[in-house]
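Grab the two chains, each in its own frame, and use the hints to assemble them into the complex.
Okay, here's what each chain looks like letter by letter:
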Amino acid sequence: MIKRMIFLLIFILAGNLEAFALTVDEVVAKANNRSYYQGQDGSAKASMVITDAQGRTRQRQLTILKLNIKEGGDQKYFVYFHKPNDVKGMSYIVWKHIGKDDDRWLYLPAMDLVRRIAASDKRSSFAGTTFLYEDISGRAIDLDKHDLIAGEQDFYVVKNTPQDAAAVEFSYYTVKIDKNNFLPVKAEYYDKSGKLYRIIEALEVRDIQGYPTVTKMKASDLNSKANTVTEFSEIKYDIGLKDEIFTERSLRNPPSQWTKE
Amino acid sequence: MKYLPSVHYAIHRRNGQKSKVRAGFTAALLFILLAAAPAGAWDAPQWHGFIEQDYGGLLGRDSLTKHQSYNLLEQRLQLKTRYAIPGDNVLNRWNGVLTYKGDFVVDEYFETTGSYEVRELNFAFSPVSILDIKLGRQILTWGTGDYLFINDLFPKDYISFYIGRDDEYLKKPSDALRLSLYPKVANIDFVLIPHFTPNTLPDGDRVSFFDSFQGGITGRDTQRNAVKPAWQAENFEYALRIYRTFGSSEGAFYYYRGFNPSPRSYLDEANQQLFYERLDVYGASLRGPFLGGIANLETGYYRSRQDASGDNRLIENSAFKWLAGYEKDLGNDLKLGLQYQYEQKLNYDDYASALLPQDYFWDKHRHLLTQRVTKLFKNQTVMLGIFNFWSPSDRDGYLRASCAYDISDQWKLTVGLNIPWGEDDTTDFGMMKKNKNAFIRVRYSF
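Chains A and B, in that order, give the protein sequences. Under this note's numbering, the first residue of the first sequence carries the number 2, and numbering increases by one thereafter. Under this note's numbering, the first residue of the second sequence carries the number 754, and numbering increases by one thereafter.
With the rest of the complex left out, here is chain B (with noise of 0.2 Å):
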């Protein structure tokens, strides 16, 4: 072990149990609600939501993983309420409002007999006009990238990204408590995040990866684990935002002191362990109405706390990302988006020379460009859509292709193609070379 940082780390496990502290944090919201609502207020609220069937089969077969020929098959169930609180209560006055949304899942890759994922259990309420506050759990997004994500450091599931369930599930819920102040000048978002979320990244067992420790992409063989932050006060996260309008135009600066949500560093070499280095971002957003359509700027300053001078080769140096994106509304319901984005390590010269001879390093640029395209047909029931990643620096790419026919109000067909290509097995794209897929969804909402 070269470094030890100087946090406290609780050993998170591949495939560990989620924690079960989690889960009693949001019941407990659920409970205290229960307990202050005076008896026979409620009316009984409404349930809506969808049971949907996924499959996702490999375009070629990869023999690394759990399966060979195919990374997705699950049915799916989801129920979500809102219920606005009645009565002459404190709670009504606030207008406090109770959300839930969680999805029963029978996960038929893993062959699980169903498991339930709380996506959402949280009190919304305002006790005083220019402030709203939402506790419990909660999807948090914010920035102005679209699928990518410079100061919106919440965590995501790029593993459903890539085998192919709905936009929705790339996001991952925080169990947080936000605050959203609404002065006169600039409105204010202040999240705190009592315990952290790391992003679900390709681990082996449904999508194989590039594993440095195994020295290419790897499967289920892999050993490498992530260790997480331990649930403490002194890693606690906090997540602010400040925007305005001006005329048409939207600015925003952003604040946000945590861990990087994907394990980009390594704690202990010799027993394959990485761990959530621990990062500073300060950003900037601008977005508005330019040449037709809309413009979007953004920018973010990485600061890697644990690796300020850039000289520790273990842990991920400093960046600089910008942003830049536009998109056009060109008639007959098709619409073109275009993004580039830049990233650049700091220090990298220190980081360099600290380098050992046989060590897999990161290229000190980075240049990303995405295309979107998306166009709808017989009255906006048919959605046609492609999303292109290309990095001409990592010469990789990720091409996302669906169509979405709305048969009904109730039923929806999805299909789609996820190809993520590259030239080398190291970088993002290029290491999910092997999990290419075709999927389905059928969605039948209540």
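Just chain A, same shape as in the assembly (with noise of 0.2 Å):
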């Protein structure tokens, strides 16, 4: 009995030890893993509504199902469109790679064509939306230098510097990162000039399996004014979800079980 005492103090010292001592690579790793690697693999209805500067709106309304290849690394995405209408069936798969360009593929039921789209820009427009591809599927944390600057007593602020400058549209961005955890709450992107034009922010937090998840989160672009709200429901971790679904199968045949409305 105490040894089991004695045991279980050295792993709460432990614990809380290893959180003082952590580093800010660690604290961004975590942070991604939070983000984007929560369980084996995962499926979610998200709904996105696009607002412009004159608050005119638009809507996204899709089926996320993802498969972690590595924790940290590879994985693989697909997508089935539900709505707006008149994209309605349209599907793609994307297979995530760090340190090479994504393998991307879109169906077009209407032709019943499978298209390779290249893809080596990251931050273009994830349909049409002001989130970024590289906001859905994540950016590859060894393409920012990180700095752990002056933070609040329950959050971590990093600041991430682009390592090449030249690719990407920002001079750098702060990540506000929950202590507790690890989950960012919000990302600030400052542009070449310095200025503040763009705001990712977590709206809602909520435990789903013991996985705290963000479950609504917006994109403001300061620049146009526009912003998009993305909702996420029916979130499920933990499926099962086998490889041979991030296939040309799917395309064609959508996984009727993940996309049923």
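Please note: incorrect hints may appear among the correct ones.
[Stated by the list, open to error] In silico EDC-like cross-links for lysine to aspartate or glutamate, where the CA-CA straight-line distance does not exceed 16 Å: (1) A:K219 / A:D244; (2) A:K84 / B:D1162; (3) B:K937 / A:E245; (4) B:K1081 / A:D102; (5) B:K819 / B:E870; (6) B:K937 / A:E27; (7) A:K187 / A:E153; (8) B:K1081 / A:D122; (9) A:K101 / A:D143; (10) A:K89 / B:D1102; (11) B:K925 / B:E870; (12) B:K1128 / A:D122; (13) A:K31 / A:D143; (14) A:K89 / A:D222; (15) B:K1131 / A:D222; (16) A:K177 / A:D208; (17) B:K1131 / A:D53; (18) B:K937 / A:D222; (19) A:K89 / B:D860; (20) A:K217 / A:E202; (21) A:K180 / A:D53.
These are calculated hints, taken from the structure and not from any lab test. Since this is a predicted model, take the numbers as computed values, not measurements.
Below you can see the structure in the form of structure tokens.
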């Protein structure tokens, strides 16, 4: 019994010590895993509302399936569009790679056409929203240099400076990370002149199967005054997705178990 | 008549009525499904689609066609639904899905009161885990080319392509059985098409073209007609694709046995009859990342079964086709695509020596280059696209340009240009030179 308590004490202390002693790279790695790699796999429905400067709105509704190949590394995504109606049934597959271009296939059902998409620019808009591809599937952490800057009591604040400044449109961005669960709650992007022009924030966090999960988030473009609010629903982790889901077969014949409305 | 092919043909008249048999085939499928479904288990299917107004005005006049100042004026209502079979039955356990898509079109070019085109009516299911089956009317596409098709012999509508309809209408549906097998080593697609569907090609009424019987670009005066293979077992068409990925790259083998979907051979010169010659195609393709973009290679050997030796001047010779393509994302929603296609007629000397002095004849080589530039603006709501065909050997080309604006999730406005040109009247694009148009499409999606 005493032995067990000592073990427990050491465990708790070690845990706390570890938290104190985390380097900035460890914080960033943990936050990255929290944001993009929780569970072995997962599914969710995403509802996105884009609001432009004049207050006009557009809608996107999609099903996202995700499979981790390696934590912090390669992943596979399957995305199926439910709305808007003119792209309903369109789907695409991403094989995300770290250190080289992702593989992307797009399926246009009206023509039964599977197109291979040349997609080296990950900082282009995701489906016409103010989210970028990199916001959805994650930005490889070694693309930036990370510095812990004066933070708040409950949050780490990390400044991320790109290794290759010419490859991106920002000069740096800061990310506020919750010390309790390592979830990033706000990212602020500064342009080449040092002006804040882009904000991504978590609006709602919920516990799903023990995984703290952002269920509502907003991307604001301060230049165009447009924003997109994304709400995730029907979030499920560890559902036993197989590698075969993320192939051309699913584009032509979407897995009805996950894509039905 | 110089040559009698060894198959039986049914006369297919120009502007003839669409096959009633084919409509019956697909309609029967719907009835079978309705009859098989247990009463009360059906939820109302969701219907989507669009209404659209299209207009395409000619740049210049074409006195040869029915109307001299325009070649597109129509309203279109498309309705589609995709319905997963519910309930506790075998169709549900097989993930049965019924898909329907049809267009009601009022084509004011021909002043019709309206016609109905069923584009898709099929039932897809998976009786075992490694097999998908799709039966009924469906759109079929494969191959790696961008507007260039070597191993995709499925029917296409080039009139729609030239007059400015949506890209969707380039592909015509086939009444087919598609079996897709997914064993570990490679994926296999097998398609059986019992009833031949030809390409829709310029025939003079709406779009003028080069008519070798008239000896020049011809419109409504053409007397030319094409004879379709009859509906019988020996005229069934088969298409096969075996494909798999190798890391990030994809490789495929293709086989097709059927008829050339474009009538390129003469059946009866005196009666100005063409026919769709028998054709086998053996092909392969490779596609994958290359120098920060996507490269593709595709080749096909076209074996003209009714003129394998190539010495019949009336029947298309065998040929080889090669295609190389490259697409790159230049950032800021700007994409560039380049392709080169080379075609070579085989046994050309035999063909050339069989020609008569007054014959129009095919060239031995054809080189074709294409360039595509796509740029998105305003949060991807505006798309500017340019696609250019240019053949240095035929000295012709075809520029397609369009600008599409997603006004809202419902409304879309598309304007564009179709500019075919050529030094000669006989080449693929050169013969289309009178059909330059500017088009506008307004679509409301629901």
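key: Proposed proximity, D1162 of chain B with K84 of chain A (alpha carbon, max 16 Å)   = The given pair, whose Cα atoms are some 9 Å apart, holds under the 16 Å limit.
query = CA of K925 of chain B to CA of E870 of chain B, is that 16 Å or under?
reply = holds, 10 Å
query = Given the hinted pair K937 of chain B and D222 of chain A, is their alpha-carbon gap at most 16 Å?
reply = violated, 46 Å
key: Distance restraint between K101 of chain A and D143 of chain A, which requires alpha-carbon spacing of 16 Å or less   = Holds - the C-alpha atoms of D143 of chain A and K101 of chain A are around 12 Å apart, at most 16 Å.
ask   = Does K819 of chain B pair with E870 of chain B here, judged by a C-alpha cut-off of 16 Å?
value = violated, 22 Å
query = Holds or violated: are the alpha carbons of K89 of chain A and D860 of chain B at most 16 Å from each other?
reply = Measuring from Cα to Cα gives roughly 26 Å; hence the hint is violated.
task = Would you check the hint for K89 of chain A and D1102 of chain B, treating anything up to 16 Å between C-alpha atoms as holding?
result = violated, 52 Å
message = Would the hint linking K937 of chain B and E245 of chain A be met if the CA-CA limit is 16 Å?
response = holds, 10 Å
request  = Verify the proposed pairing of K219 of chain A with D244 of chain A, using a straight-line Cα cut of 16 Å.
outcome  = violated, 31 Å
ask   = Going straight from one Cα to the other, do K217 of chain A and E202 of chain A come out at no more than 16 Å?
value = The given pair, whose Cα atoms are some 9 Å apart, holds under the 16 Å limit.
query = Would the pair K177 of chain A and D208 of chain A pass a check requiring their Cα atoms to be no farther apart than 16 Å?
reply = violated, 19 Å
ask   = Under the criterion that the straight-line Cα-Cα distance not exceed 16 Å, is the pair K1128 of chain B, D122 of chain A satisfied?
value = holds, 13 Å
The structure does not agree with the numbered hints 1, 5, 6, 10, 14, 16, 18, 19, 21 stated previously, though it agrees with the rest.
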